[in-house]
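Chemist: As you go down the protein sequences, you meet chains A and F in turn. The opening residue of the first sequence carries number 1 in the numbering used here; numbering runs sequentially from there. The opening residue of the second sequence carries number 1001 in the numbering used here; numbering runs sequentially from there.
Derived from the structure by calculation, the hints contain no laboratory data. Heads up, the beta-carbon is just placed ideally off N, CA and C, and yes, glycines get one too. There are no misleading hints in this set.
Going by beta-carbon spacing under 8 angstroms, a handful of chain A positions derived as facing chain F:
#	residue
1	P15
2	L16
3	R157
4	F342
Straight-line Cα separation of at most 27 angstroms, DSSO-like style, residue types lysine-lysine; simulated pairs:
#	chain 1	residue 1	chain 2	residue 2
5	A	K78	A	K134
6	A	K225	A	K134
7	A	K68	A	K134
8	A	K305	A	K12
9	F	K1025	A	K119
10	A	K12	A	K314
11	F	K1004	A	K12
12	A	K12	F	K1007
13	A	K309	A	K12
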Amino acid sequence: MNDWYLALSQIKRNPLRSSLMASGIVIAAAVMTAVALLIVGVNEGITNTVNRLGADIMVVPRGEEVAKQFNEALITGKPATFYLDPSAAEKVSKVPGVDHTSNQTFVETLTNARCCAGKFFIVAFDPVTDFTIKPWLKSKVPQSISQTENWMIVGDRILLRQGNEAQFYGTSFTVAGVLEPTGTGMDWTIYMSEKSLRKMVIASQAKAEMPLRIRQGDVSTILVKAETGVDLIDLAERIEQAAPEIQVVLSSTVAKLARQQLFAIASVLVCVVAGLWVMALIMSGVIFSMAVRERRSQIGLLIAKGANKRFIFKMLTKESIAIAATSSLSGCLVGLLIVISFRELLSNALGTPDVLPTAATTALFVAAFNVLGTATAVITAIMPVISVLKAEPYESIKQGRLT
Amino acid sequence: MKTKLSKIFAAIIAVLGLFVAMIPKYIFPICESGDLSFFSSYEPVMRCFWFGRIELFMGGLVVLSGLILFFRPTRETHFSIGALLIGLGLVIILVSFNTVIGSTCGHDHSLCQIGTKPAERIVGSIVIISGLIMVFFPGKRFKQK
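With these hints in hand, go ahead and build the complete structure from the sequences.
Modeler: Written out as structure tokens, the structure is:
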């Protein structure tokens, strides 16, 4: 009869106690893993977004609210509408260090209106100067695109495919291409040429429930590709000096702003998880302590029969290891399963491109939390055992009978 | 399985059944959920309406299984209810796959796809695990009078 056999038979003998101890650890480990994966996944998603922006610098109208809206539009595809002074584009392109620029104009479609297919974020761009959208096209746009009257390119998550038609502000558009999944706001955006936008603006006066008010030359953002080797911060300062009415957004700032928004939520979540874990540890410690106290006479008898204290300590430790390790592993897997199952729902709710980190990071986190969970649960459970082992065998048998 | 533990288990199963039934109506409401009632004269167009209704019935059956186990926690009941729960859990999961009965439309990003179906699959898996526990740990033999 070895100590593992004794430990497992003790667990089997009292399933209610064992399952109570395990359930606390499972819940805490599941929440801890899910929250940690969410925080890391969201952070990775933001980094991916920034790496895929394509532009070194983005120019938008001055204002804190505009920067916030622009940031949300880039990361989640939430519609944003603001316009720069028409002269800004020319000023920016003349700044030394700017290699080339591409302008984009933002439009928000109408909800519950007969003239619009639904609420979408439309971005009008110049196909000649563009360097951020075309590289993401799934397949080559056919040459006949120039013959198509009104074409559009849609993000991966828009429910339209090549050849489909949709109406915006009373004008029909045909899908000429679909973008690869980017994990950014681009997935939720519809792109069209500036020429098509102008036609839509004119047609909206007669066909739409509410006309579009975008002046000729209005631009929402200017995407800047810097010359090789140019210091981006210096270039940003030069651009802001050339046109004081604008503000420059560096790709690194986009990440910083997005992380700032999430930091508050993340810190609250970490506190809740830490509290939950402490509670689970206390609960498992108390249950194990009660179980050990109940078995004091049994322990005393074992010592009296010749079993040494080391054997009993090992047996009780193994009992707690068996419960803690299995429940901690199940908890971690449950947490992972929840994040995987509700991946899209969570990313929609949090307004982030993705919530699941890479497979390697996920595996690392699950393994780390499993080890951490098991170790802390075993330490908490085993602490009361020491005091029981210190007592004399006769004393233990007597106290065990009294309880 | 001891009677006390068995009753706790039965209560958990009944709660799981309630979850199965309530997910498509209250937790992650599917399309036309406002008319998801037994006596509604509304004729639904959306496929997910029927998915919701199937889950409602499945949930009801799981609740019933839990109640039977609660009031008659014998070894035989454990085994048969356990086997039934494995089957019910499988059906709960299978109906959530479009390849099996075409339960929902093809809108990949709608709430029924990203919320209702994953939730039903998770609860369905727990129902199967509960069934397996009951089949493999049916407890002491019930003494016939």
